[in-house]
Amino acid sequence: MSDVLAIAEHRRGELRDVSLEMVTAGRDLADQTGGDLHLAVISGDVDDYATQVNREGVDAIHTVEYGEEFNHDVYTQAIEQLYADLDPQYLLAPNSVNGMDYAPAVAEGLSLPLVTDAVDLEEDGGLTVTREQYGGKVETTIDVEEDHAAVTIRPAEWAQAEGDGDADIEAFDADIDESEIQSTVTGFEEVAGGDVDISEADFLISIGRGIDEEENITLIEALVEATDATLSSSRPIVDNGWLPANRQVGQSGKVVTPDVYIAIGISGAVQHVAGMKGADTIVAINTDPNAPIWDLADYGIEDDLFEVVPALIEEFGGDVPDV
Amino acid sequence: MKILVTVKEVAEVEDEFEISGGDIAEQYLEYDLNEWDDYAVEEAVQISEAEDDVEVVTATIGPERAEETIRMALAKGADRAVRVWDDDIESAGKLDVETKAELLAGVVEEEDPDLVLTGVQAGDESNGATGVTLAEKIGFEWAAVVNQLDLDIEGGVANVHRELEGGVEELTEVESPAVLTIQSGINEPRYASLRGIRQAQSKPLDVKSLDDVGLSADDLESSLAQTDMYEPESEGDATVWSGDAEETAGQLAEFLRDKGVVEG
Ligand SMILES: Cc1cc2nc3c(=O)[nH]c(=O)nc-3n(C[C@H](O)[C@H](O)[C@H](O)COP(=O)(O)OP(=O)(O)OC[C@H]3O[C@@H](n4cnc5c(N)ncnc54)[C@H](O)[C@@H]3O)c2cc1C
Numbered sequence: 001m002s003d004v005l006a007i008a009e010h011r012r013g014e015l016r017d018v019s020l021e022m023v024t025a026g027r028d029l030a031d032q033t034g035g036d037l038h039l040a041v042i043s044g045d046v047d048d049y050a051t052q053v054n055r056e057g058v059d060a061i062h063t064v065e066y067g068e069e070f071n072h073d074v075y076t077q078a079i080e081q082l083y084a085d086l087d088p089q090y091l092l093a094p095n096s097v098n099g100m101d102y103a104p105a106v107a108e109g110l111s112l113p114l115v116t117d118a119v120d121l122e123e124d125g126g127l128t129v130t131r132e133q134y135g136g137k138v139e140t141t142i143d144v145e146e147d148h149a150a151v152t153i154r155p156a157e158w159a160q161a162e163g164d165g166d167a168d169i170e171a172f173d174a175d176i177d178e179s180e181i182q183s184t185v186t187g188f189e190e191v192a193g194g195d196v197d198i199s200e201a202d203f204l205i206s207i208g209r210g211i212d213e214e215e216n217i218t219l220i221e222a223l224v225e226a227t228d229a230t231l232s233s234s235r236p237i238v239d240n241g242w243l244p245a246n247r248q249v250g251q252s253g254k255v256v257t258p259d260v261y262i263a264i265g266i267s268g269a270v271q272h273v274a275g276m277k278g279a280d281t282i283v284a285i286n287t288d289p290n291a292p293i294w295d296l297a298d299y300g301i302e303d304d305l306f307e308v309v310p311a312l313i314e315e316f317g318g319d320v321p322d323v
Numbered sequence: 001m002k003i004l005v006t007v008k009e010v011a012e013v014e015d016e017f018e019i020s021g022g023d024i025a026e027q028y029l030e031y032d033l034n035e036w037d038d039y040a041v042e043e044a045v046q047i048s049e050a051e052d053d054v055e056v057v058t059a060t061i062g063p064e065r066a067e068e069t070i071r072m073a074l075a076k077g078a079d080r081a082v083r084v085w086d087d088d089i090e091s092a093g094k095l096d097v098e099t100k101a102e103l104l105a106g107v108v109e110e111e112d113p114d115l116v117l118t119g120v121q122a123g124d125e126s127n128g129a130t131g132v133t134l135a136e137k138i139g140f141e142w143a144a145v146v147n148q149l150d151l152d153i154e155g156g157v158a159n160v161h162r163e164l165e166g167g168v169e170e171l172t173e174v175e176s177p178a179v180l181t182i183q184s185g186i187n188e189p190r191y192a193s194l195r196g197i198r199q200a201q202s203k204p205l206d207v208k209s210l211d212d213v214g215l216s217a218d219d220l221e222s223s224l225a226q227t228d229m230y231e232p233e234s235e236g237d238a239t240v241w242s243g244d245a246e247e248t249a250g251q252l253a254e255f256l257r258d259k260g261v262v263e264g
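These protein sequence lines map, in sequence, to chains A and B. Just so we're aligned, residue 1 is where the first sequence starts under the working numbering, counting upward by one. Just so we're aligned, residue 1 is where the second sequence starts under the working numbering, counting upward by one.
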């Protein structure tokens, strides 16, 4: 009962990185509880995925063959049965979009307390989870006052486990009730094609909600023109329809790795950071000294973009539009 | 047909703030309709405009202060509102996901909706779990992070796109009744018109106690305790250029020229 059970994630034939990150987080937690680390691989080519997650520190891997792709009604049933069989102390799932689709249901079904989007786990006779609130401006610690819990793990927060493992790989015979499957995945669609590929750009100027009004985008466009940069943005700008989806940087947009990324009026929410943390040099222009973007920035200007951007346009001999 | 939309009033923090008593001190907080719920309300209102006989009811857990936000949802086209609150909830402090879902399940029991829309997450606590927990509690099917919804009312199916990572969407058929957690960008939330704001004043907004939703103070007990809140130590070591805008812009320009990313 001191064991940890972590659920691997895959999509369209590929194991997702967060699976190996969960091996690291799960091993660390199991070391603290003094238990074993079990992994579950559900649906798709489970043997292939099992081999891939068989890294150092994994004690056992349980495979559930059923269907090709993620389906939460299959996952929920399989995990609940595995949980009953293995009786682990803690259940770990990724805080991915699919994790968000099954972890709360599993926790509810198993009457487990649930803490989502963990950035740190400490176990010392009880579990303490660290997570962020208010857009990453504060961290909180949550004590779990029960012996068991389900936790979802923030992607890219733990390193990917390395080294070959020698875990036993066993097929688990889950009894999936088909009448309980009330969602059907019919396909996938790739979005955000179009005229530019921001992931190819060497120099990105990216704008966020700090721009305030659609009209003000002309100001940034003038800067982009004067500097020969490529324009990108955070999600709210695309949500508002001010720029097309192919300009969005982040978890649900593009991953970019330019030499220079200038984030203007962008707070640095985790889903945004997922798309730009690989930039070589990050420059922030933001009025808020507590914005999480400062954790990543190499350089910055803590000032009003409506003051800085016109001055910058003039530096490069561009025309400052009236906004 | 009845659509229930969960609506949360969220706290937004000012740039400079202090933490006291385990939370951000009240004077640094501003309250607003949760960004994701705004999209959920809009989606429900659009369905009610496109189909006959659709009633849109909002459900909120929150103190009297939240009524301003709820009226905003009514002004945007919801028909009526339910607000769950009483002294026991007030003194319970911050509610965990399971408790919130339990309270909302009480409202669902009462209202018997055909469809429940929630936001993907609330911008303040960012648990991103209340909608799916609610679905499991009330025995509805569900889909999380929906950025396109096409309701086939006769067929009893919601055809949705779930927005996955990396610009990929999953196309899924979800059987009704269902809970869908709505992602930002699914539509363009309207601004409340003056007429809407006037009308909202006379729309019903019922306050329900724990007892009214079939629960008692025991149901508020949580096995999760927030023990600390603090500003994370900055991991960054950014060089922050100082001076007025002209000076800082000059330094950034020089940096960009040195880097060779900008000529001239
Ligand atoms: C499932 C999911 C997926 C998501 N995917 C993505 C994604 O792919 N990409 C993404 O970006 N987000 C994504 N998000 C949204 C993300 O959580 C944030 O809401 C979003 O990134 C915030 O964008 P922002 O920084 O532009 O806005 P805000 O967080 O509102 O920040 C605005 C910033 O501008 C600053 N500012 C305001 N005025 C000025 C001024 N005059 N001068 C200078 N600075 C100013 C403020 O201090 C603030 O820091 C996702 C969310 C979810 C739940």
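Hints are not guaranteed to be accurate.
Calculated cross-link-like contacts (lysine-lysine; reagent style DSS-like; alpha-carbon spacing at most 30 Å) [to be verified]:
1) Lys2/B <-> Lys208/B
2) Lys203/B <-> Lys137/A
3) Lys2/B <-> Lys203/B
4) Lys259/B <-> Lys277/A
5) Lys94/B <-> Lys203/B
6) Lys277/A <-> Lys137/A
Covered, in the sense of this in silico footprint (three residues per stretch, anywhere, with C-beta under 8 Å from a C-beta of chain B), are these stretches of chain A [as the list claims (entries may be wrong)]:
7) 94-103
8) 107-116
9) 122-128
10) 214-222
11) 237-251
12) 293-300
13) 312-318
What follows is a set of in silico ranges between Cβ atoms, one per label pair, in the way DEER data are often shown [what the hints assert, rightly or not]:
14) Glu213/A <-> Tyr28/B: 20 to 28 Å
15) Glu175/B <-> Glu213/A: 50 to 58 Å
16) Asp112/B <-> Glu178/A: 22 to 30 Å
17) Ser91/B <-> Gly126/A: 44 to 52 Å
18) Glu146/A <-> Glu49/B: 13 to 21 Å
19) Glu235/B <-> Glu178/A: 18 to 26 Å
20) Leu171/B <-> Glu225/A: 34 to 42 Å
21) Glu49/B <-> Arg209/A: 36 to 44 Å
22) Ala225/B <-> Gln271/A: 22 to 30 Å
By construction, these hints were calculated from the structure, which means they are not laboratory data. Ideal Cβ positions, reconstructed from N, Cα and C, are used throughout, including at glycine.
Tell me the numbers of any earlier hints that the structure contravenes, in ascending order. Of the numbered hints, 2, 9, 10, 15, 17, 18, 19, 21 do not hold.
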